[in-house]
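Line by line, the protein sequences are chains C and W. Counted the way the working numbering counts, the first sequence spans residues 43 to 288. Counted the way the working numbering counts, the second sequence spans residues 1003 to 1233.
Please note: incorrect hints may appear among the correct ones.
As the list claims (entries may be wrong) - Pulled a few chain C residues facing chain W out of the computed Cβ check, cut under 8 Å: (1) Leu-187; (2) Ala-190; (3) Arg-199.
The set of hints was computed from the structure by calculation and includes no laboratory data. Think of the CB as a built atom: it goes at the ideal place given N, C-alpha and C, for glycine as much as any other residue.
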Amino acid sequence: MWTLFHKFGSPPWLYRLSGSILRWLLPISLLALAMGVGWGLLFTAPDFRQGNSYRIIYIHVPAAVVALAGYYVMAIAGGISLIWKMKMADVAMHAAAPVGAALTFIALLTGAVWGKPTWGTWWVWDARITSMLILLFLYLGVMALYEAFDNKAAAARACAILSLVGTVNIPIIYKSVDWWYSLHQPASIKFTGESTIDPSMLYPLLLSIIAFYALFTCCLLANMRAEILQRERRTGWVQRLASENH
Amino acid sequence: MTETTAPGAVSFCLRLLRRQLTLAIRRPVAVGNPLLFFAMVVALFPLGIGPAPETLAGFAPGILWIVALLSNLLSADGIFRSDFDDGSLEQLLLAPQPLYLSVLAYVAAHWLVTGVLLALVSPLFAAMLDLPVVAWPSLAAGLFLGSGVMSLVGGIGAALTVGLRRGGMLISLLILPFYMPVLIFGTATVQAALDGAPVQPFLALLGSMLCLSIALAPLAISAGLRISVDA
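So that you can see chain C by itself, here it is in the shape it has in the complex:
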């Protein structure tokens, strides 16, 4: 167990492992994305009240779910890097921030596009929407703090602390629709009890959520590989890698 854990601290090992994971995970996640989103957009029945406009749910909900989960990935990687001083955890944390920020932005943007036909407005200052905007600011804050330090080891530790402090906000975002009366509907998919969404709409949605998780993992790994190469560019194994590919 501990040897495996220590192996994650080794850049060449992690680089090769992530390469072999990406080789099969990337096609699978693209296929799942095409299937989930294609099924949802083309082959499900229109909603009896919202017509066809509800179909954006197959992008909006997965992006929002993974954006929140991505924050945990970033914070847990930050925690690991603080506790065990693992450089590869720094890399994971720094790689997760832009992907999470992009997903949060997609969730906000698709929410605005969806809100116009159904609520009659692009934007409302509702609890769920405002807290997602705060999530975007948290991601951007971590990225800005990382850039501000010249010493990248200190930058990673400072970002780890900031992202751990930020986890205080995440349960508030999850629960905002239940705690405050808001325009945004409460969660329709529940792990316990009856979901309030029809199975014919639920299954493509679940498939696209899984696809978004897989895509997040792919982007995270690709980002990490790029940063590993950048950091280790003066070491022998990277230079051998570069000369082999010529």
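Based on the hints, put chain W in the right spot on chain C.
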């Protein structure tokens, strides 16, 4: 050489607090600056949104809280700045006394000279914005509790950015997201008092946020200071 014993944790912490307060009082202009800033920004609103008393009274809870938040934010940058520059912060990190209590003393000093002072004079500005008298006590009480949270969170931002040359703008980006819950419940307190609703639930929420941040923020501040001094 005579044997000197190090002061205990609590007396050390109180001495630090007294030192910070003395330093603040020796420079009364620095203490007055946040208040002056508060007064000036409050004066901008009647110019910007029109001087009609009913409009101003409607916006007053939000205006007063946002301006309090901004003046807290701008002064938070300086909590550790001068001690970082002259190296006494490094001595503090090496001291045998727990850093948790020492940073709490720094933050408490900042809270006393900005937040508490602002809460005390807030009825004056409330009167300038035509906020009804019934809401004044809950405004002051809310600011008293909320500014404690803001000072602690601001301390985290200050600790993380104290070593950076261009920290000023960055600290706002880092800590403003954490000020938002305080702002929500702070303005809700004033609004509840205006509507004749009970204000205790909102004050209790602000108080619980203060307790949570007293417990957790010093840990993040100490870790942040260690990073900034090492970097």
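Open item on the list: Could you work out which of the previously given hints the structure breaks and list their numbers from low to high?
Closed with: Every hint satisfied by this model.
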